[in-house]
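Position chain B relative to chain A; hints supplied.
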Amino acid sequence: AQSVTQLDSHVSVSEGTPVLLRCNYSSSYSPSLFWYVQHPNKGLQLLLKYTSAATLVKGINGFEAEFKKSETSFHLTKPSAHMSDAAEYFCVVSDRSGGSYIPTFGRGTSLIVHP
Amino acid sequence: KAGVTQTPRYLIKTRGQQVTLSCSPISGHRSVSWYQQTPGQGLQFLFEYFSETQRNKGNFPGRFSGRQFSNSRSEMNVSTLELGDSALYLCASSAGQTYGYTFGSGTRLTVV
Chain A
47 AQSVTQLDSH
57 VSVSEGTPVL
67 LRCNYSSSYS
77 PSLFWYVQHP
87 NKGLQLLLKY
97 TSAATLVKGI
107 NGFEAEFKKS
117 ETSFHLTKPS
127 AHMSDAAEYF
137 CVVSDRSGGS
147 YIPTFGRGTS
157 LIVHP
Chain B
18 KAGVTQTPRY
28 LIKTRGQQVT
38 LSCSPISGHR
48 SVSWYQQTPG
58 QGLQFLFEYF
68 SETQRNKGNF
78 PGRFSGRQFS
88 NSRSEMNVST
98 LELGDSALYL
108 CASSAGQTYG
118 YTFGSGTRLT
128 VV
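Going line by line, the protein sequences match chains A and B. Positions in the first sequence are counted from 1; adding 46 to them yields the working numbering. Positions in the second sequence are counted from 1; adding 17 to them yields the working numbering.
Worth flagging that the hints you see were computed from the coordinates, not collected in a lab. C-beta atoms are modelled at their ideal positions from N, C-alpha and C, and glycine is treated no differently. Just to be clear, a hint being listed does not mean it is correct.
Pair by pair, the computed Cβ-Cβ distance ranges are [stated by the list, open to error]: (1) B:T37 - A:L102: 40 to 50 Å; (2) A:H56 - B:Q61: 15 to 25 Å; (3) B:G75 - A:S74: 10 to 20 Å; (4) B:N94 - A:G62: 40 to 50 Å; (5) B:R90 - A:I106: 26 to 36 Å; (6) A:A100 - B:F86: 36 to 46 Å; (7) B:N94 - A:A100: 40 to 50 Å.
30 Å max Cα-Cα, derived DSS-like pairs, lysine-lysine [stated by the list, open to error]: (8) A:K114 - A:K104; (9) A:K115 - B:K74; (10) B:K74 - A:K95.
If we strip away everything but chain A, and leave its shape as in the complex, we get (with noise of 0.2 Å):
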């Protein structure tokens, strides 16, 4: 079975400075990793997906995101914050568990940025 975990339900940053939201995930298959972003009163964003390529995958919006498989981690960063980034961060996992793909979410990471 595969699943996932957000280490943080909130992050606080400062505008300009780094971000680093954290996710491990736990899959018995080569699974799809991905994050969305949503904010209020809105659906969710695709921000980048990890499907088997390569390990670093860049997304919009200045994010990227390593895969490690020997820490089974999914971690999203950005080298500098903006005001905008202010939202709800999914970590979501994929995989052919049961023969099919149904994706896991995360419970979210609220990230707060300070001006």
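Relative to chain A, chain B alone:
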């Protein structure tokens, strides 16, 4: 390119009633999936449809059902509404299971 469109955006229903939510996927996407988002349970997968067939199903009671039409549009139905069904219901479409999903803005259902 139009995104995923969900209607209505907001809905208020009474316990015991039923409700139907609609989702129009991105043109060309044949996979449509539905999710329930609540503060207590987070985001949970309801079901996925592909070419008018339910391909995957989450762990929800039979009161939750769906269907997909030949043009890939999908509807979700919840019968005998309970207070706990109050949630944001999100629809997503995809070009394939490893491509990621494009989400709509959701339907906010309130059961009173």
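Hints, one by one, checked against the model:
Separation of T37 (chain B) from L102 (chain A) is about 44 Å and conforms to the stated range, judged on CB atoms against 40 to 50 Å. Here the CB-CB span from H56 (chain A) to Q61 (chain B) is close to 21 Å, well matched to the stated 15 to 25 Å. As the Cβ distance of G75 (chain B) to S74 (chain A) is approximately 19 Å, the hint placing it in 10 to 20 Å holds. At roughly 48 Å, the beta carbons of N94 (chain B) and G62 (chain A) sit within the given window of 40 to 50 Å.
A hinted range of 26 to 36 Å holds for the C-beta pair R90 (chain B) and I106 (chain A), which are about 27 Å apart. As the Cβ distance of A100 (chain A) to F86 (chain B) is approximately 38 Å, the hint placing it in 36 to 46 Å holds. Distance hint check for N94 (chain B) and A100 (chain A): the Cβ-Cβ separation is about 42 Å, which falls inside the suggested range of 40 to 50 Å. Taking the CA atoms of K114 (chain A) and K104 (chain A), the gap is about 15 Å. The hint holds against a cut of 30 Å.
About 28 Å separates the Cα atoms of K115 (chain A) and K74 (chain B), which keeps this hinted pair within 30 Å; it holds. For the proposed pair K74 (chain B) and K95 (chain A), the alpha carbon gap of about 23 Å is at most 30 Å, so the pair holds.
Against the hints set out earlier in the document, no violation occurs for any number.
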